[in-house]
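Enquirer: Listed below, chain by chain, are the residues.
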Amino acid sequence: MEVDPPQASDPLPGARNGGLKRCNSAPMINLIPDTSSSFTPVSQPLSSSHNATAPLISPVSRPLERQRTLSASSTSLNITTPPIRIPSRLIQIKQEETTNVVNREVAHEREVQSSMQIAQSWDEFSLEDSMMTEAKRPRSFSEQLHIFTSPFPLSSSPSPTRVGKQCFSPSAGLPIKDHTLHTSPTPSPTRRSFVRRSLSPIAMRPNAVGMKRKLDTELCEYISPAKRFNNGPFTPERLLTHHPLMNSISSSSFEDSDPNGARESNNSSTSSFVSNDSGTSMTPQTCFTFCPVQNNRNSESQNSEMTDVSEPEQTRQDDSGNRPQKPTPKTIFKFGQARETQV
Amino acid sequence: MAAGTGEMQWCFSQVKGTIEEDVTEADIISCVEFNHDGELLATGDKGGRVVIFQRDQQSSPGLQRRGEYNVYSTFQSHEPEFDYLKSLEIEEKINKIRWLERANPAHFLLSTNDKTVKLWKVTERDRRPQGYNLKEEGGTTRTSTDITTLKVPVFKPMELMVEASPRRIFANAHTYHINSISVNSDQETYMSADDLRINLWHLEITDQSFNIVDIKPTNMEELTEVITAAEFHPTECNQFVYSSSKGTIRLCDMRSQALCDQHSKIFEEPEDPTNRSFFSEIISSISDVKFSHNGRYLITRDYLSVKVWDLHMDSKPIETYQVHEYLRSKLCSLYENDCIFDKFECAWSGNDRNIMTGSYNNFFRMFDRETKRDNTLEASRENMKPSTILKQRKISTGGKRKKDEISVDCLDFNKKILHTAWHPSENIIAVAATNNLYLFQNKE
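Protein chains in written order, with UniProt numbering: chain A, 1 to 343; chain B, 1 to 444.
Read the hints as simulated data drawn from the structure, not as lab findings.
Model, not experiment: these values are computed from the prediction.
C-beta atoms are modelled at their ideal positions from N, C-alpha and C, and glycine is treated no differently.
Certain hints may be false.
In silico BS3-like pairs for lysine-lysine, Cα to Cα no more than 30 Å straight-line [claimed, not checked]: (1) Lys415/B x Lys402/B; (2) Lys94/A x Lys372/B; (3) Lys156/B x Lys290/B; (4) Lys290/B x Lys94/A; (5) Lys121/B x Lys151/B; (6) Lys316/B x Lys290/B; (7) Lys372/B x Lys403/B; (8) Lys394/B x Lys330/B; (9) Lys265/B x Lys94/A; (10) Lys443/B x Lys403/B; (11) Lys94/A x Lys86/B; (12) Lys121/B x Lys94/A; (13) Lys403/B x Lys290/B; (14) Lys94/A x Lys403/B; (15) Lys216/B x Lys156/B; (16) Lys443/B x Lys402/B; (17) Lys94/A x Lys330/B; (18) Lys330/B x Lys265/B; (19) Lys290/B x Lys86/B.
Here are a few chain A residues that sit away from chain B, every Cβ distance over 10 Å (derived from the structure) [as the list claims (entries may be wrong)]: (20) Ile93; (21) Arg110; (22) Gln113; (23) Met116; (24) Trp122; (25) Thr161; (26) His243.
Just some of the chain B residues that point at chain A, by a computed CB distance under 7 Å [unchecked claim]: (27) Lys16; (28) Asp195; (29) Ile266.
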C-alpha cells in the first residue's frame with residue numbers, strides 16, 4: 001500500500017524526512033482520503049535498510065516503522081498520493097488521540113498481517129536452492145526465550161540508564177572502564193554489583209530468581225539495553241571510541257610558530273593513549289584502558305533478516321551451529337561464561 | 001571594542017567536530033548550554049550523549065584570557081527505548097540540558113529526551129588510594145605469606161578523572177514529548193513541559209510531580225495549540241512563561257492557583273492583516289522563549305523574526321527583529337521540505353544588550369538593541385584565521401547581486417543553526433552547526 005510522501009526526489013530534505021520519526025502511533029492510513037481496504041504487499045524487505053539506529057523489527061511491525069523503511073528505500077515505490085506529512089505536533093497529537101482505538105487496532109492487525117505476508121513471500125524470492133536453505137533460520141525452539149524487562153532495575157523507571165559512574169579522562173580523551181584502581185578492593189556491603197574476580201561459572205548472585213533475567217547487567221556496564229532490536233551503531237561503542245567533538249581546531253594553533261596550518265588537537269589519540277597534549281607520560285600502572293571486546297554482534301545480527309524479538313545480547317548461534325569467536329579470557333564478560341556452561 | 005561604541009567584532013576561536021560528507025545522525029548536536037559562570041559548556045546530541053567542555057584554566061593575570069574550551073567529560077545520558085504498550089520508539093536525542101547552580105564541588109545538570117529527565121552529577125577525582133595491604137597495585141591479591149607488615153593506605157595524586165553519575169531519574173510523567181525544562185531560581189524545583197502539560201518537580205523527589213498547566217481539551221477535536229517552550233523567571237520563583245504554537249506567550253503565577261491554566265498575563269501581538277497567508281499560523285509558532293538576565297524582558301523566536309517583549313506590556317512587543325525576511329516569499333517551498341517547522345533558539349548576551357539567533361546556510365544573526373544594528377555571520381571552517389573579524393554576510397534578494405552577496409536560491413537549507421548559546425558574562429558564543437560546534441569570541 002502506498003502510503004508515503006516522496007523522499008528520494010526531494011532536493012532539500014528536512015531533518016525529518018529520512019531521519020528517525022518520532023513517536024507517532026497514528027497509522028498513516030487515516031490521513032489518506034482514499035484508503036484502499038486491500039493490502040498489496042509492498043516489494044521491499046522487511047528489515048530496515050535504514051542505517052540509523054532504527055530497530056530491526058520482527059513481524060510485529062508498526063506503521064511508523066513502515067513509514068521509515070519506505071522512506072529510506074523508496075526508489076521502487078510509486079508515489080501517487082500527494083505528500084502527506086505531519087511535522088506539526090498539533091496535528092500529530094490530534095491524530096493520535098482521535099483515532100478510534102478499535103480502528104487503530106484493526107489497522108495495526110492489518111499491518112502485522114501484511115508484513116508477515118511480505119516476510120513469507122520474501123522466502124520465495126531466492127534464486128538458488130542453496131540460498132534457500134541458508135535463508136531459513138531454524139525456528140527458535142531450541143533457543144531459550146529471553147524476555148527482557150527493564151535491564152536496569154536499580155531505578156524504578158523504565159528509562160535505561162547505565163549503572164554506576166561513567167568515567168572520562170580529559171587528558172587521555174577516552175572513557176575509562178577499569179574500576180579496580182579507583183574503587184576500594186573491598187566492596188561496600190551495600191553495593192549490589194560485584195567486582196570482576198574469578199571466572200567461576202558458579203552463579204555469584206545470591207538471588208537465584210533474578211539470575212536468568214538480569215544477566216549480570218551491572219557488571220557489563222556497556223551492554224546495550226535489551227529493548228534494542230536493531231544492531232545498528234551501538235551507543236556503547238560510540239562512546240567507547242573517540243567522540244567526534246573531541247576533534248578540535250583552535251585559532252591559537254594558527255598563532256603559534258607552526259607555519260603548516262592547523263594543529264589539530266585531539267583529546268584522544270587513536271593508537272595508544274599514552275601521548276597526550278600535556279605531555280605527561282603515563283606510567284604503565286595507569287594505562288589500564290579497557291579495550292572493548294570486538295563485538296561480533298554487529299556482523300552477526302545483520303545477517304539475519306528476521307531477528308527474534310528476544311535475541312540475547314552477545315553470543316548467538318548462527319545457522320551452522322558454530323559459536324562466534326570468543327573474546328580473550330581477560331576481557332570476557334561474566335555472563336558470556338555462564339551461557340557456555342548452560343548449553 | 002570598536003571605538004567604544006560597544007559594537008561587537010567576532011573572531012573565530014575554536015571548532016569542535018569532524019568534517020564529513022555524510023554526517024552520522026547520532027552526532028548531530030541537539031542542544032548547547034553554558035553553566036552559570038560560563039566555565040563549562042554542555043552539548044547534547046541525537047545519540048543521547050552529553051559532552052562537557054571546560055574552559056582553560058591558565059592563569060594569566062592582566063592579560064586577556066585565551067580561554068579555550070576543551071573536553072572535560074562525556075557520558076551517555078539517554079538510551080533509545082521502546083514503549084511496548086504503544087509500539088513506539090522513544091528517541092534518545094537530548095532535547096534540553098539545564099545546569100543547576102553550583103552548591104558544592106560537584107556540577108549538576110538536568111538532561112532530557114522526549115520522555116525522561118535525568119539529573120547528572122559530574123565530579124572530579126584526582127587522587128586515589130594506594131598501598132593496600134591485601135591487594136597489589138594491579139588488583140591481584142597478595143599471598144598471605146607475603147604480608148609481614150601493616151600499612152595505612154595513602155592518597156596519591158593521579159591523572160584527573162571526571163565521573164558522571166545519574167542521581168535522579170524523573171520518568172513516566174509525560175504522555176507527550178518533553179520540549180523544555182527549566183530550573184527554578186530556588187534551585188530546588190524545576191519544571192518540564194511537553195506539548196500539552198507542564199509538570200513541576202522537586203529535585204529530590206522522583207516519583208511525584210505536580211501538574212501546573214494542562215491545556216488538553218476534553219474533546220481533542222478542539223485542540224488548537226500546543227505548548228512549545230517554557231521557562232521560569234530568573235529571579236521570581238513563582239513566575240514562569242510558556243509559549244504556544246499560535247504565537248502567544250502566557251505568564252503564570254503559581255501563587256494564584258495550583259493549576260495555572262488561567263494565565264496572569266498573555267502576550268500576543270495582533271496579526272498584521274497585510275501579511276496574512278496560508279502559512280501565517282505556522283510561522284507565528286514560537287520555537288523558543290528566553291527571559292533576559294534582569295528578568296524584565298522576554299525574547300521569543302518565531303520562524304521569521306525575534307521579538308523582544310516587556311513584561312509590563314502585553315499588547316505588543318517592544319522590538320521586532322527580522323531574521324531572514326527574504327524567506328517570506330519562499331514559504332511554500334519551505335513548507336514542502338519541512339523547513340518551515342524548524343525550531344530555532346535564541347539567546348541574550350550577558351548584559352541583555354544583544355540578541356542572537358540562527359538561520360540557514362550556517363548563518364547566524366546578531367542584533368544590537370542599542371544601536372539597532374544587525375549582523376549576519378557564518379559558521380564555517382573557511383574563516384579560521386586568528387584575530388580576523390568575521391565578515392558580514394549579505395543575502396541578495398533582488399535581481400542584482402552584488403559581489404560578496406549570496407543569493408537566496410543558493411542557500412543550503414540543510415545547514416541550519418538551531419542551537420546557540422551565549423556566555424553568561426563574557427562575549428563568547430557557542431554555535432552548533434549540525435555536527436560541529438563553533439566558538440567565537442569578541443575581539444578585544
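Enquirer: Each hint: holds or not?
Expert: Hint check:
1. Lys415/B x Lys402/B: 23 Å, holds
2. Lys94/A x Lys372/B: Given pair Lys94/A, Lys372/B is violated - Cα atoms ~42 Å apart, limit 30 Å.
3. Lys156/B x Lys290/B: 46 Å, violated
4. Lys290/B x Lys94/A: Distance ~28 Å between Lys290/B and Lys94/A Cα, so the pair holds.
5. Lys121/B x Lys151/B: 33 Å, violated
6. Lys316/B x Lys290/B: 17 Å, holds
7. Lys372/B x Lys403/B: Given pair Lys372/B, Lys403/B holds - Cα atoms ~25 Å apart, limit 30 Å.
8. Lys394/B x Lys330/B: 18 Å, holds
9. Lys265/B x Lys94/A: Holds, at roughly 27 Å.
10. Lys443/B x Lys403/B: 26 Å, holds
11. Lys94/A x Lys86/B: 16 Å, holds
12. Lys121/B x Lys94/A: Since the Cα atoms of Lys121/B and Lys94/A sit roughly 38 Å apart, the hinted pair is violated (cutoff 30 Å).
13. Lys403/B x Lys290/B: 37 Å, violated
14. Lys94/A x Lys403/B: 49 Å, violated
15. Lys216/B x Lys156/B: 58 Å, violated
16. Lys443/B x Lys402/B: 28 Å, holds
17. Lys94/A x Lys330/B: With a Cα-Cα distance of about 28 Å, the restraint between Lys94/A and Lys330/B holds, given a limit of 30 Å.
18. Lys330/B x Lys265/B: Given that 30 Å is the threshold and the Cα spacing comes to 34 Å, the pair is violated.
19. Lys290/B x Lys86/B: 34 Å, violated
20. Ile93: 6 Å, violated
21. Arg110: About 14 Å separates Arg110/A from the closest Cβ of chain B, which puts it past 10 Å; holds.
22. Gln113: 15 Å, holds
23. Met116: Check passes; 15 Å lies beyond 10 Å.
24. Trp122: Given that every Cβ of chain B is farther than 10 Å from that of Trp122/A, nearest at about 22 Å, it holds.
25. Thr161: 5 Å, violated
26. His243: 5 Å, violated
27. Lys16: With Cβ-Cβ at 5 Å, under 7 Å, it holds.
28. Asp195: Holds, about 5 Å.
29. Ile266: Hint violated; Ile266/B Cβ to chain A Cβ min 19 Å, cut 7 Å.
In summary, the numbered hints that this structure violates are 2, 3, 5, 12, 13, 14, 15, 18, 19, 20, 25, 26, 29.
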